[in-house]
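Model the placement of chain Z on the given structure of chain V, informed by the hints.
Number of protein chains: 2
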Amino acid sequence: MKKILIGVIAASSLAFASSSLVQEAKNAGLKPIPQSQSELLKLIDNPKNPITKVKVKLGEKLYFDPRLSKSGLISCNTCHNLSEGGDDGVSAAIGHKWRKNPHHLNSPTVYNAVFFEKQFWDGRAADLEEQAQGPIQAAPEMAATPEHVVKTVTSIPQYVKCFKKAYGDDVKITFKLVADTIASFERTLVTPSRYDAFLNGHKNALTKAEKEGLKTFIQVGCVSCHNGIALGGGMSPFNIAAKYKYDNVGDFKGDKNGMVKVPTLRNITQTAPYFHNGEIWSLKDAVKEMARVQLGKKLSEKQADSIVTFLKALDGKKPHMMTPMLPASTEKTPKPLN
Amino acid sequence: MKKILIGVIAASSLAFASSSLVQEAKNAGLKPIPQSQSELLKLIDNPKNPITKVKVKLGEKLYFDPRLSKSGLISCNTCHNLSEGGDDGVSAAIGHKWRKNPHHLNSPTVYNAVFFEKQFWDGRAADLEEQAQGPIQAAPEMAATPEHVVKTVTSIPQYVKCFKKAYGDDVKITFKLVADTIASFERTLVTPSRYDAFLNGHKNALTKAEKEGLKTFIQVGCVSCHNGIALGGGMSPFNIAAKYKYDNVGDFKGDKNGMVKVPTLRNITQTAPYFHNGEIWSLKDAVKEMARVQLGKKLSEKQADSIVTFLKALDGKKPHMMTPMLPASTEKTPKPLN
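Residue numbers (this note's numbering), protein chains in the order written: chain V, 162 to 499; chain Z, 162 to 499.
Calculated directly from the structure, the hints in this document are not laboratory data. Since no wrong hints were added, every one of them can be taken at face value.
Same chains, same names: a pair is fine if it fits in one copy or spans any two.
Quick list of in silico lysine-lysine cross-link-like pairs, DSSO-like style, CA-CA up to 30 Å:
1. K479 / K364
2. K333 / K203
3. K478 / K496
4. K192 / K364
5. K473 / K312
Chain V extracted, bound-state conformation (with noise of 0.2 Å):
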């Protein structure tokens, strides 16, 4: 009896503690992804650009579709590879004939991009539609002119008859609407991991250990930057151009108040290198380092691998996909060029 009471007592002690911590991390700015499907619908979605299943397919073919690219040869995938971490791995992305980011800018996640406030390192575009027309123009990415993206796509019927499907059967097929049905199939990789359970409720979806790591996360100042959905996605407060030089920066400045924008910490164990500038390898260091940079603090030991413990947890479940097979060129295609 008195072994049944004691159980009793712990668990309905930590149930208080996990529920004034969920209430912690909510005023503190964070934010689950919604566990009603209807809910998420809402967030991803675009009003002007609104996901339909034809689309977000549609989308798909076309992430995965190196023909979209100058060579040929690159695709978004190529760097925001949705089998590894929705990036590539390497410290600066690498483009058209190996040209590596001018900036030396690290290519960022596009899982969860979704809940960003702004796409880009400097924030310049408001959303993935707007975001999705760059690297495919960017020379040292696809290198591609609008011009063959819509001959490319138009030149290959299963394309074109996708494109009715998904937009009726007068659809002009431009350079913005293949962005956009891109950007609707981006807007779908969306990760839920064991904290979003945790925060919606399911107060046995972290460890102890976890839920010591996301009070640290908030106690230490983390969240100043990394909250909302995302944990991540806007605008830094901290001047990063002022605050954080590192030799091969390169010419990046930030956006025009020299701020660059907060990753997200969600798969941020699948998304080494870190920062901007894809300079630190390991997530304890980068923990520590951006502890030190921006909030002036110096982690002990245990505050580092309590934060780590903490996000290992935002590692999320993967959409399932099916490998899209891409429809074949023509003869009218244009040829990839080296």
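Just chain Z now, with coordinates in the frame of chain V:
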């Protein structure tokens, strides 16, 4: 009654024609992908590296893993893209640091490569196991050392676990074993088509025009090289180096007899550009050119069109594959080198 009778006669004479065409095709050395799964498994299996479900699943991950390459950016799937025709759609393969294949060789498709008698354009590898070791190490392809590959795989606990599951707890993960595992996956990349259904006795699997195309294909003599299950895959009986010189053929000389491997015609609509040097983009042009160079025949437009009509029926059903999700790197994983 008369009408019905004519119908019966027409149908039975078509059936007769079809079955004699099947016989003609088989006499000419053409063989279908067997319909029976057990028969197929026997054909694609390698007794020295027996196919198991676990090996195939692991091999698939490794096939898609760019971390096996020196740069961390190139996987087997980069040049043998399973979303496309199992190849890359460019004339000459482009690999590490954007180096073109020094012999100006076109990436052959991996689909149905299990049916090839030999691997590589000069036939220097006996099977897929031996072949898979090549491009991973080749300087203008994945440019990795065997040590890099072994270090990478063994640094990732989930891979080690998969290898144990596939080969037993005392497995020694070697470069050869990684290549063997990839080959096990590749052996399953088989694409049965309507043509196979026809040769397997489904008389209506091909249209009348396709059957006529098959007849032309046989009678013109294409079968002298394009035979067997792969409609290719053996060494050409014709001396390509002597007979088929293009300006940009590079320094490729074929095998020791100047022979080049005959490419498969399966999924040929998806594997332009054609020939070992990727010189010809139009399927019809390729057909005419081969007839001219290899058979000394000038095809009429009708003959060429008829053959192309048949070749289109070789488009097969690709295996359904999930986009593989790769296990995360660890701090022990070798860093990419660009």
